[in-house]
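Trainee: Read off the chains here:
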Amino acid sequence: MQKSNVDIRSLQIGFGGLKVLENLDLHVGASEFLVLLGPSGCGKSTLLNAIAGLIDVRGGEIHVGGRDVTWAEPKDRGIAMVFQSYALYPRMSVRRNMSFGLTVAGTPRDEIERRVGEAAQMLRLTSLLDRRPSELSGGQRQRVAIGRALVRHAGVYLFDEPLSNLDAQLRAELRVEIKRLHARLGATMIYVTHDQIEALTLADRIAVMQGGVIQQLDTPKKIYREPVNRFVASFVGSPAMNFIPGQLARGSEVAFIAGVNRVSLNGYAFRSQPTDAPAVLGIRPEHIELTASNDPSAVSARVEMVEPMGADTLIWCRLADSTAFSFRHDADAQVRVGDTLNVRFPAEALSLFDETSGQRL
Amino acid sequence: MRLSLNSRLSAISALLPALLVMLVVYIGATSWTVWMSLTNSRMLPNNNFVGLRQYEMLLGNDRWITSVHNIVIYGLLFVSLALLVGFLLAVAIDQRVRAEDTIRSIFLYPYSMSFVVTGLVWQWLLNPTLGIQHVLRSWGFEGATFDWIVRPETAIYCLVIAGVWQASGLVMAIMLAGLRGVDDEIWKAARVDGLPKWRVYVSIIIPMMGASFATAAVLLSTGVVRLYDLSVAMTNGGPGIASEVPAKFVMDHLFERANIGLATAAATTMLITVIAVVAPYLYWRARKGEVR
Amino acid sequence: MTAVAQPLPAARRPKRMTPARWGLYAFIFITALYFLLPLYVMVVTSLKPMAEIRQGNLLALPVAPSIDAWVKAWTSACTGLTCQGIKIGFLNSLRILVPSVVISILVGSLTGYALSLWRVRGANILFGTMMVVAFIPYQVFIYPLVRVFSFTGLGQSLSTIVIIHTIFGLPTMTLLFRNYFASLPVELFKAARVDGAGFYQIYALIMMPMAIPMIVVAVILQTTGIWNDFILGLVFAGRDNLPMTVQLNNIVNSTQGERAYNVDMAATLLTALLPLAVYFGSGRWFVRGIAAGAVKG
Ligand SMILES: Nc1ncnc2c1ncn2[C@@H]1O[C@H](COP(=O)(O)OP(=O)(O)OP(=O)(O)O)[C@@H](O)[C@H]1O
Ligand SMILES: [Mg+2]
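Protein chains in written order, with the working numbering: chain A, 2 to 362; chain B, 23 to 314; chain C, -15 to 281.
Since the hints were made in silico from the structure, they are not lab data. Remember, predicted model here, so these are calculated numbers, not experimental data. Do not rely on the hints blindly, as some may be mistaken.
Below are the DSS-like pairs computed for lysine-lysine, each with C-alpha atoms no more than 30 Å apart in a straight line [as the list claims (entries may be wrong)]:
(1) A:4 x B:219
(2) A:180 x B:219
(3) A:223 x A:4
Produce the complete structure using the sequences and hints provided.
Mentor: Pasting the structure below:
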C-alpha cells in the first residue's frame, strides 16, 4: 500500500465574506498520524474537506504524494475519508457499501472481493457483510465506514471526528482499533477531533488550531509539556492547567513573584532572555508536589474543595492572594477542607507566558 | 393524568362535532350508500333489496366501463408522470441553482389553482382551431396536428396533460423536502468514492426516499379517484362519453339520470378501491411510527 | 521532501459553467415555460378583442390591449339564464369562504386539541377513522347528506355549504392541530392544569395563541381549498349561492352560439386571482401548508 505525504501551501478558504483559513501551511509526512485538534468552528473540518477536494479553495496549493491536486476531483486525489455521521448508504448491505465505489470505478470483481474480504477481516466485519447499516450498532457502523475507506487503498486517510457520535466505551475501543490499524498499514492519516484524549493517544503529531490558524504543531508530549501559548496550554489537558498571574524578577536567580509567594525558576528553559515583566505561570495539576513547611520554595495554600476522582484526588486550593489552583494527589490523601498545605511548583514542569501576548517565555 | 368529571365533560363536549360527523357522515352516510346500492332505487330511495343486481348492471354499462377504463389510463399516466416530472424538478432545484425561490414558485403555482380553472385554460390551449395546433401551423408546420381534445381515443390524455401540469409542483415540494433531508456527508462520501451524480441519485438517494415517493403517490392516487371537476370543466366527459370518469358517473346518475341504485353501486365500488389502496398505506405508516 | 508539482490535467481551476450546468438550466428553463404558458395565454387572451383572437396567434401579445373582456366577465357575462357576470359568483364565494374558514378551523383545532392533550377513551378510533375518511371520494357521502339536509329543513343554503365545508375540512384540520399540540411540551399543559385552568381556558388562553403559525397554515390551506371547491358548492350551496367556480364553468361551458374566449379567460383569471394572491403572498407558508397537509398520520 502506498503512503503519501500531504503538503499544504498558503491555503485560503472562505465562505462568502467569512475567511475561515488564511495562508495556512502544513506538511504531513508519509506514514504520519496527524491529529487536527481545536475547539468547535475553528476550521478543522474545512481544512480536511479541502484536502479531500470537497470544497473549493480560494488560494494556495494542496499536494498529495507529490502531485498538485488543488483542483483534482476527490476520487483522483489518492485519499479516502471517514465521516462523523458514518454516511453509509442506507439501502445497501455492508458488503455493497464497501464495494460500491470500486464497482463503479470498474475494478475487477475478484480484486474487489479480495479487498473487501481483507478490510472486513481487519475490522472484524466478516459476519456482518450482508446486513444493512440500520441493523448495526453505532460502533459497527463506524467500522463499516472505516472499511469503506480502507478498500480504496488510498495514500492518505482522512477522518472527520469519526468517534464523536459514539458513547465513551465504544470510543475507547475504536480508538485502540484505529491506532492498531495505523500501525499495521503504516498509512498516512489525518484525523480531526476536539477530544484531546484521542489526540494525545493517537497522534504522531498534533496540530492545535484556533480561529483558522495552527497554533502549535508538535508531538503530543511537546504539546502537553511545552505549549507555545496560553490557548494551547488551556485547551490541552484535563483537568485544565492552572494559571497564576504574577511578575518575573531577576535577582541572584530568576524567580516568579505572585503576592507573597516566590517560585524559583532555576531550571526553566527560557526561550529568550527574561525581563522584569508581568507574566502568567502555568502548571498542570499533576506537577504540583506536596512539600515540608521548611522547604524554601514552599508555597502555602488553603484547601477549599476535595474532588475524589477514583485513581487520584483533585484538591482545590487558594493562595494567600486568593488565586485558586488545583492539584492532583493520590486517592488516599488525608486532606480536609480548611487545611493549610505546603506545595512546590517544580521549575522544570512550569510554563511561563507573557501576560499580554500569551506567548510562551 | 386523571381527569375530573368536569374536564372530562368539557373534553367530550369539544369532541361532539367530531363524534356527530363520525356517526352521521362516516358511518351513517357510508352505510346508507352501501345499502342503497343493494336496492333498486331510481329517482327516490326505496328499500327493495335486489342483491348485487346494480353491480351486474354496472358491469354491463358502457359508460361505466369507459369511465373505469379512462380512470385506469389517467391514473397510471398521471401518477407516474407527475412523480417523474416532480422528482426531476426537485433534483434540478436541488443543484443549488440561482433564483431557487422564483423557480420553485413557478413550478408550484398551478397547485394553488382549482381544477375548474385548470380545465378551462387547457381546454383553450388545446382547442384545435385557435390553440396550440393553430400556433404550430402558423409557424410553418403546416401538417402539425394536435387535436387530441376533440378525438374520442385521445381526449383522456388531455386530462393527463392538465393534471400533470397542476400537480407536479406538489410532488416537487414533497421530493425537495426529502432531498434536503439527505445527510450532506452521504454526498461527500459518494464524491470521495468517485460516484457520478446520476449514479448517486439512482443507487443511493432514490432508494432512501421511499417515504417521500409513497406519500406523493398516495396523495396523487386519491386525487385520481376523486377526479371530477377537471373532466367536467375540460371536456364535460366528451367527446361523447370518451372522457367520462367514475366520479362523474356517480354524480350524473344521482342528479340527472335519477338512478340512485346504480350511482350508489358505483360509489361503493370507488369506496372499496380507495380503502384497498389507503388502508395498507396507513397501516404501513402506523407500523413505521411504532418502530421508530 | 518537497513535491515537484506535476502538471496534471485536473490541476486547474474548473470552469463555473460546465456543459452539465448548461443542460440543467436549459431543462429548468423549458419546464418553466411549460408551467408558465397557461398563465401567459390566459392573460394575453383576456386582453385581446375577439377579432384579434380569431385571426392572430395564441401566443402573440395583444396588438390593441383592452380590458373590455374583463369588464364584461365581471359585470355582464351570462351564467345560464342570468347575465350579471361573475361578480355574483365572487360575492357568493366570499360569503361561503369566510364563515367556512373560521368555523372549520375552530372545530378542527378544538378537536385536535381534545385528541392530543386529553386522554379520551376512543380517541384513537375517532382519529384513525378520520384519517381514512380523508382519502374517500365525496361521491360516497354526497347523496345521503343531501337527504339529511333536506330532512333537517336546511336544504341547499349558505348554512348547509358552510357545515359541509366544516365536515370535509375536519380530518385535515384535526390532523394539523393535533400534531402541532402533540409536539408542544406536555409540561406547559400540566402547569396550566395545576394552576387550575379548565379545558376551554387552556384552549383559548394558552394553546391557540401558541398555535398562531398553525392557524396561518390552516387559513391558507382552507382558503385555497374552499375557494377552489366545485362539487360541494354545486350540490349544497343552492341556486342563489353558487360559488365562483361553478359560475365560471357555467359561463364558459354553457354558452350558446359563438364563444367569447377573451371573456372566458378573463373570468377564469378572476376566479384564479384569490388563490394566486394567497399563494404568491404567503410564499413559504403555502409550502408549509402543503407539507402539513401532505404528511397524513
Ligand atoms: N458551508 C459553509 N458556509 C458558511 N460557513 C461555513 C460553512 N462551513 C463552515 N463554515 C464556517 O466555517 C468555520 C469553520 O467551520 P468548520 O466546520 O471547519 O469547523 P470545525 O472546526 O470542524 O468545527 P466542529 O468541531 O464544530 O466540527 C465556522 O465558523 C463555520 O461557521
Ligand atoms: Mg467539524
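Trainee: So, for every hint listed, does it hold in this structure?
Mentor: Checked hints:
1. A:4 x B:219: 29 Å, holds
2. A:180 x B:219: 34 Å, violated
3. A:223 x A:4: 25 Å, holds
Comparing the model with each numbered hint stated earlier shows that hint 2 is the single one that does not hold.
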